[in-house]
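Enquirer: Sequence:
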Amino acid sequence: MSPRPRPTVARRLLSGFVTLVVLTVLAVVNRPMVVFGAEKLHEFQISRPSYTQKHGYWSRLPVPADFRVNAIHAALLHTGKVLIIAGSGNDRENFEAGTFRTVLYDPALDKFTEVPTPTDVFCAGHTFLANGNLLVAGGTKSYEVLEKDIANAAGVMKIKNESAVGGPRFFPKGTRLTGKNGFAYLTRADVTVPAAVTMKHGDEVMTHAGEAEVWVDAELAGDTAIVRGPAQYALAGLTGDDRRNLYGLADKITREKQEYGGDNTSYEFDPNTERYIRTGNMVKPRWYPTLAETPNGDVLAVSGLDGFGRMLPGNNERYLAGQRRWVDAPELTRVFPTYPGLHLMQDGRLFFSGSNSGYGSDTEGRTPGLWDLTNNRFQTVPGLPDSSMTETSSSVLLAPAQDQKVMIFGGGEIGESPVSTARTAIADLDEPKPTYGPGPNLPEPARYLSTVLLPDDTVLTTGGSSGYRGGEYQGKTRSDLLNAQIYHPASNSFARAADSTIGRNYHSEAILLPDGRVITMGSDPLYDPSGKNPGTFEQRIEVYSPPYLFKGDRPTVADGPAAVQRGTTVTFTTADAGRIHAARLMRPSAVTHVTDVDQRSVALDITPVPGGLALSVPKAKGLVPSGWYLLYLVDDQGVPSVGRWVQVL
Numbered sequence: 001m002s003p004r005p006r007p008t009v010a011r012r013l014l015s016g017f018v019t020l021v022v023l024t025v026l027a028v029v030n031r032p033m034v035v036f037g038a039e040k041l042h043e044f045q046i047s048r049p050s051y052t053q054k055h056g057y058w059s060r061l062p063v064p065a066d067f068r069v070n071a072i073h074a075a076l077l078h079t080g081k082v083l084i085i086a087g088s089g090n091d092r093e094n095f096e097a098g099t100f101r102t103v104l105y106d107p108a109l110d111k112f113t114e115v116p117t118p119t120d121v122f123c124a125g126h127t128f129l130a131n132g133n134l135l136v137a138g139g140t141k142s143y144e145v146l147e148k149d150i151a152n153a154a155g156v157m158k159i160k161n162e163s164a165v166g167g168p169r170f171f172p173k174g175t176r177l178t179g180k181n182g183f184a185y186l187t188r189a190d191v192t193v194p195a196a197v198t199m200k201h202g203d204e205v206m207t208h209a210g211e212a213e214v215w216v217d218a219e220l221a222g223d224t225a226i227v228r229g230p231a232q233y234a235l236a237g238l239t240g241d242d243r244r245n246l247y248g249l250a251d252k253i254t255r256e257k258q259e260y261g262g263d264n265t266s267y268e269f270d271p272n273t274e275r276y277i278r279t280g281n282m283v284k285p286r287w288y289p290t291l292a293e294t295p296n297g298d299v300l301a302v303s304g305l306d307g308f309g310r311m312l313p314g315n316n317e318r319y320l321a322g323q324r325r326w327v328d329a330p331e332l333t334r335v336f337p338t339y340p341g342l343h344l345m346q347d348g349r350l351f352f353s354g355s356n357s358g359y360g361s362d363t364e365g366r367t368p369g370l371w372d373l374t375n376n377r378f379q380t381v382p383g384l385p386d387s388s389m390t391e392t393s394s395s396v397l398l399a400p401a402q403d404q405k406v407m408i409f410g411g412g413e414i415g416e417s418p419v420s421t422a423r424t425a426i427a428d429l430d431e432p433k434p435t436y437g438p439g440p441n442l443p444e445p446a447r448y449l450s451t452v453l454l455p456d457d458t459v460l461t462t463g464g465s466s467g468y469r470g471g472e473y474q475g476k477t478r479s480d481l482l483n484a485q486i487y488h489p490a491s492n493s494f495a496r497a498a499d500s501t502i503g504r505n506y507h508s509e510a511i512l513l514p515d516g517r518v519i520t521m522g523s524d525p526l527y528d529p530s531g532k533n534p535g536t537f538e539q540r541i542e543v544y545s546p547p548y549l550f551k552g553d554r555p556t557v558a559d560g561p562a563a564v565q566r567g568t569t570v571t572f573t574t575a576d577a578g579r580i581h582a583a584r585l586m587r588p589s590a591v592t593h594v595t596d597v598d599q600r601s602v603a604l605d606i607t608p609v610p611g612g613l614a615l616s617v618p619k620a621k622g623l624v625p626s627g628w629y630l631l632y633l634v635d636d637q638g639v640p641s642v643g644r645w646v647q648v649l
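Sequential numbering from 1 applies to the sequence shown in the working numbering.
Bear in mind the hints are in silico, worked out from the structure with no lab data behind them. A couple of the hints might just be wrong.
[As the list claims (entries may be wrong)] Restraint-style ranges between C-beta atoms, simulated for each label pair: (1) T568 x T374: 42 to 52 Å; (2) E274 x Q45: 37 to 47 Å; (3) R228 x K148: 14 to 24 Å.
[Unchecked claim] Heads up, simulated DSBU-like pairs for lysine-lysine below, C-alpha to C-alpha not over 30 Å straight-line: (4) K148 x K551; (5) K158 x K148; (6) K532 x K54; (7) K551 x K532.
Note that the Cβ used here is the ideal one computed from N, Cα and C, for glycine as well.
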């Protein structure tokens, strides 16, 4: 048989083209199967023991439709449940409808329940009290109004009362004030103006006018009634001496943007009854405040926007926990940007890490330092690299807390700038003159990064974005970061963790659960992936299982006291005493806007005893504030027990 002739070049090209077309058609037809196969392969790869033992594992938490909320705040209660607070959820329609939401998630039962929410605690401050209640204070009294939506000029009117007789004077919503320009302005709400107070200064008697503030809107739309400088206004309907004693003052009345207004309501959320308990009002309305517990169990509230959207100029206040009331603290006047990162130190001082979120002067109040609450002195802590990029950064008191080291992660420039940093830095606050020193860089520049202390003394860093609210960054329309890292203090280095599957930026949270996993939720991107349309709030929830959960049997805590005293030694029974390497008391998180002043991990000295371990609790209140903690026993392989709730009295 003669050999078959070789096809011509043209024929071979034609055949190859036909084959390519057929393969292309098959690929298109079977694309869902190919994608499905790729997803299954990826799932197989990230589920292998060799992978999970090194990088951990992410899983999605199924959330019933009725319980999907815009998570703005989150806290782990000593009942083991996660409190998820939305309030109005950064949704004007919810705010105007009075629809405020709070949800409880029980990880043990994988169950969600709804909690009645009395007012809009969106963008409030919170911290745990010694009794385990979560103090929630401030929030939203009014939503911002953009310049393009303002038809009538508006401003804050201060109504003065120079009469010491006749008591407080009430003026209903719609009260008319007239300026020297002849234009009228109407009050936006009811307002009560206190009477003047007569005081004696030496031999001189002086009268201090009573005053109250209220928004006013020009009666006429447009620019005609704009007033750009300070002016006095006459109240309509007054006669006699009232016309002289009662009047209005305003710095300006314009069509400029109106910021969010803070609220003065305050609550304790009781984990046992699962209800908000009303307390006394705050001295000042606050939006974006930080609440920080002090060594005596009271709470300090700092910063925030007031009821008219103005930065509070260093006016801070105290919550007297035993009386459930707020009092002014003029002796602690100090300016901070909103949501400052404050960490309670062993000696009772508060360390301001420099971290903050959102509002404030671009210079005043942004310098890191140690704040002495006994005399209002502030010791500057210098040396922070990229010091202008602390907005939307995060900070944490590294474990163990006895080391007194605070680490700051990432951050960006002030305002809506797309510029961010990969910088981390560490301040050793045990030093007489502490300074920031460099830490390892993050893999990518990041803001809104969540930082979670883990029982093995490492820190999970997850979420965040390089651009403002996940937006544009170096040509990309979206800049959410799916990479996660675990910081190891012993080596001062990051180890790669498994990648998450959901982007997290503004308004996101991450919290350590009692079983050692980490729950992540929230995110409020400015734009959708195209970068052209408004973003949608992320309501999906992910849970991360760290590598230590894939490294063998976990130690157990069989029995022990439910409450302990500082400075004492207590015994917990365990069958694993021989392999226990460390014991930690971990204070649960209460986090919003990547600000978490609560979480800390305190090392306990260990002494083997028959049937278990004797654990010594440090004595310093600044190191171990009173409250509920999770006790973890960690074995010689870094594997922790399930956390056991213990109250430090």
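Enquirer: Between K158 and K148, does the CA-CA distance stay at or below 30 Å?
Expert: The hint holds at about 25 Å.
Enquirer: In this structure, is the beta-carbon distance linking T568 and T374 contained in 42 to 52 Å?
Expert: 27 Å, violated
Enquirer: Can the suggested window of 37 to 47 Å be confirmed for the beta-carbon pair E274 and Q45?
Expert: 41 Å, holds
Enquirer: Given the hinted pair K148 and K551, is their Cα-Cα distance within 30 Å?
Expert: Violated: K148 and K551 sit about 57 Å apart, past 30 Å.
Enquirer: Should the hint that R228 and K148 are 14 to 24 Å apart at their CB atoms be regarded as holding?
Expert: 19 Å, holds
Enquirer: Holds or violated: K551 and K532, Cα atoms, limit 30 Å.
Expert: Roughly 45 Å between the alpha carbons, so the hint for K551 and K532 is violated.
Enquirer: Within 30 Å, alpha carbon to alpha carbon, are K532 and K54?
Expert: 39 Å, violated
In this structure, the hints that do not hold are numbers 1, 4, 6, 7, in rising order.
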